[in-house]
Amino acid sequence: MNELFEQSFPFWGSLAEEEQAEMILGTTKNVCKKKTRLHFGGGGCAGVQIIEKGRARIFITSPNGGDITLFRLIDGDVSILSAACMLNGMDVELDMEMETDCTVYTVPKRLYKKLYDENGSVKDYTMEMVSEKFSDIMWLFNQFVFSNVASRLAGTLLEHRAMEGSDILHVTHETLARDAGTAREVVTRLLKQFQADGMVSLTRGKVEILDVRKLGKV
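The number in the working numbering is simply the position in the sequence shown, starting from 1, with 228 added.
These aren't lab readings, by the way, just hints derived from the structure by calculation.
Beta carbons are placed, not taken as given, at the ideal position from N, Cα and C, and that holds for glycine.
Misleading hints may appear alongside valid ones.
Unchecked claim - As a list, the in silico DMTMM-like pairs of lysine to aspartate or glutamate whose alpha-carbon atoms are at most 20 Å apart:
hint : residue 1 : residue 2
1    : Lys-281   : Asp-305
2    : Lys-341   : Glu-402
3    : Lys-337   : Glu-356
Claimed, not checked - Restraint-style ranges between C-beta atoms, simulated for each label pair:
hint : residue 1 : residue 2 : range
4    : Arg-265   : Glu-413   : 16 to 26 Å
5    : Arg-417   : Leu-253   : 47 to 57 Å
6    : Lys-261   : Asn-370   : 27 to 37 Å
7    : Arg-441   : Glu-321   : 38 to 48 Å
8    : Asp-295   : Glu-246   : 39 to 49 Å
9    : Glu-321   : Lys-262   : 18 to 28 Å
10   : Lys-434   : Glu-246   : 51 to 61 Å
Please take these sequences and the hints and turn them into a complete structure.
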């Protein structure tokens, strides 16, 4: 665990040995199965989470039950927003869904808050990470407001291509719709158009990207 913390937290070396030991002893490990969902905010504050292995999707849920993907976490990523509620005046409601089986380490709010209050390096790191994530989210919302759906879908396909490291994507239309912030029916219609334009090839449960350059210009 010491190696994981050293890789995940830039402030690790600035902690006293006693603080490092307390953090290691207080951290819990959980193996979460694919499709497990966790909720943060609304009075519940888990603490800071590290995805040691796997991939998780962070999203928000609308009043009508739909959801929008904000970002994803992969091996070694830190979910700092799960602890944002420890910051004064900030309580963000988020959900996390495991897209694969995940090994998750959680530093409890009480323990992380103590380090945050007493160590300037921890506070600086936390504020920087929270600011960075909110900047990413604002950029995403800007895309939803000002870019067209076809462009968002093309970007979503390229994002999944990068995640899978392959031109053949094993992804459902529902997942693409969620990530692009639109309806599944719209995605299905646009994918058929992309196929007619020679950018993708569609088979059951799969989307094959044929023309990355053209897709990037949508």
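Here is how each hint holds up against the structure:
no., hint, in the structure
1, Lys-281 <-> Asp-305, "9 Å, holds"
2, Lys-341 <-> Glu-402, "38 Å, violated"
3, Lys-337 <-> Glu-356, "18 Å, holds"
4, Arg-265 <-> Glu-413: 16 to 26 Å, "25 Å, holds"
5, Arg-417 <-> Leu-253: 47 to 57 Å, "54 Å, holds"
6, Lys-261 <-> Asn-370: 27 to 37 Å, "34 Å, holds"
7, Arg-441 <-> Glu-321: 38 to 48 Å, "39 Å, holds"
8, Asp-295 <-> Glu-246: 39 to 49 Å, "42 Å, holds"
9, Glu-321 <-> Lys-262: 18 to 28 Å, "23 Å, holds"
10, Lys-434 <-> Glu-246: 51 to 61 Å, "53 Å, holds"
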